[in-house]
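Asks: Kindly generate the complete structure, drawing on both the sequences and the hints.
Residue numbers 10 to 309, in our numbering, belong to the letters of the sequence shown in order.
These aren't lab readings, by the way, just hints derived from the structure by calculation.
Keep in mind the model is a prediction, meaning the values are calculated, not measured.
Treat the hints with care, since some could be wrong.
Said to hold, decoys possible - Quick list of in silico lysine-lysine cross-link-like pairs, DSS-like style, CA-CA up to 30 Å:
1) K143 with K231
2) K192 with K173
3) K73 with K231
4) K173 with K119
5) K192 with K119
To be verified - What follows is a list of derived Cβ distance ranges for each label pair:
6) S284 with S77: 16 to 26 Å
7) M30 with G189: 49 to 59 Å
8) Y39 with L69: 21 to 31 Å
9) L36 with D186: 49 to 59 Å
10) L69 with V232: 23 to 33 Å
11) G58 with F33: 22 to 32 Å
12) N114 with D186: 17 to 27 Å
Virtual Cβ for every residue (Gly too), placed ideally from N, Cα, C.
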Amino acid sequence: MIASKRHYEERIFTSLNTAFMIAFSVLMLYPFWNTVAVSFNEAVDTVRGGVTLYPRRFTLQNYKMVFSTGTIFHAFFVSVARTSINMFVNVFLTAMIAYVLSRPNFMFRKPFTMILVISMYINAGLIPTYFLIKNLGLLNSFWVYVIPGMVNAFNFLVIRTYLKTIPESVIESVRMDGGGDLKIFFSMIIPLSMPVLATVGLFVAVGSWNSWFDTLIYASSKVNLHTLQYKLMEYLQSSQSQARSSGEVGAMALAKTSSLVTPVSIRAAITVIASAPILFIYPFMQRYFVVGVNIGGVKE
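Replies: Next comes the structure, spelled out in structure tokens:
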């Protein structure tokens, strides 16, 4: 009787949990799905409202307009370049630091670890950081996307926690064969740490790909350093400004006189283009992402 009641309660819980997760998934998916529908809908029709799940008047004009400007292709290239370089540099340097500070025989392990952890909670602030970037000569330079973020304290904790699970006997076996720290790191640590390195790489890639604020502060005056996300931000501001100044009638008039596109339709198209690479990568990296979150939740 008790087992039957427990089974009945589990079925109710499973049903309610499934219904909640489906409703939550739909709630999360709808905004992006609506953006996709708007991006494929005629701009004149979009400003009338009512476009929800599918394009009412299908068109590719929004995407043609986006790709007709060379700045979008260049911004996409800048985003890919900064994401790739930043991911490789951050993962490599952070892994090297994590390896050194994960060894119990390193004398200054605790002080250096404390310094890195403190940097997670205390920063210099926007204005001092701006002057530091300026004095380093990184303003309006591509390296402003790479150098300030070469090491991340949270990623260090994630990698170090994983490295501590590698038995010391495995490392000592390489050392007994005459291998130094560099050989241990490249031949032993990196191959054994690929799951956590892939996780951290995903963290860094997503953060770099979605970043636009550093472009606004440090490289807004140099057009060839604008990223795809910064272009999206510009269109967001443009559409909001237009909505305040012209209203619905003005937006429709603008659409009729500007190659049948509006900032709203262009914004939707760029949003889809900017989101596509991350949405494509995530399914292949999901299992590493879950492993990394579990590891990152365990700290000393």
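Asks: Is 21 to 31 Å respected by the C-beta to C-beta distance linking Y39 and L69?
Replies: Between Y39 and L69, where Cβ atoms are some 23 Å apart, the hint holds.
Asks: For the pair supplied as a hint, K143 and K231, confirm whether the alpha-carbon distance does not exceed 30 Å.
Replies: With Cα atoms ~15 Å apart, K143 and K231 stay inside 30 Å; holds.
Asks: Given the hint of 17 to 27 Å, check if N114 and D186 actually sit that far apart at their C-beta atoms.
Replies: holds, 19 Å
Asks: Taking the Cβ atom of M30 and the Cβ atom of G189, is their distance within the range 49 to 59 Å?
Replies: Given a distance of about 51 Å, which is inside 49 to 59 Å, the answer is holds.
Asks: With respect to the beta-carbon atoms only, verify the hint that L69 and V232 lie 23 to 33 Å apart.
Replies: At 26 Å between Cβs, range holds.
Asks: Mind checking the hinted window 22 to 32 Å against the Cβ distance between G58 and F33?
Replies: holds, 26 Å
Asks: Would the hint linking K192 and K173 be met if the CA-CA limit is 30 Å?
Replies: Cα-Cα ~18 Å, so holds.
Asks: Does K231 sit within 30 Å of K73, going by the straight-line distance between their CA atoms?
Replies: The hint holds at about 25 Å.
Asks: Just tell me: holds or violated, for the beta carbon distance of L36 and D186 against 49 to 59 Å?
Replies: At 56 Å between Cβs, range holds.
Asks: CA of K173 to CA of K119, is that 30 Å or under?
Replies: holds, 14 Å
Asks: Would you check the hint for K192 and K119, treating anything up to 30 Å between C-alpha atoms as holding?
Replies: holds, 24 Å
Asks: Within 16 to 26 Å: is that where the Cβ-Cβ distance between S284 and S77 falls?
Replies: holds, 21 Å
In this structure, every one of the numbered hints holds.
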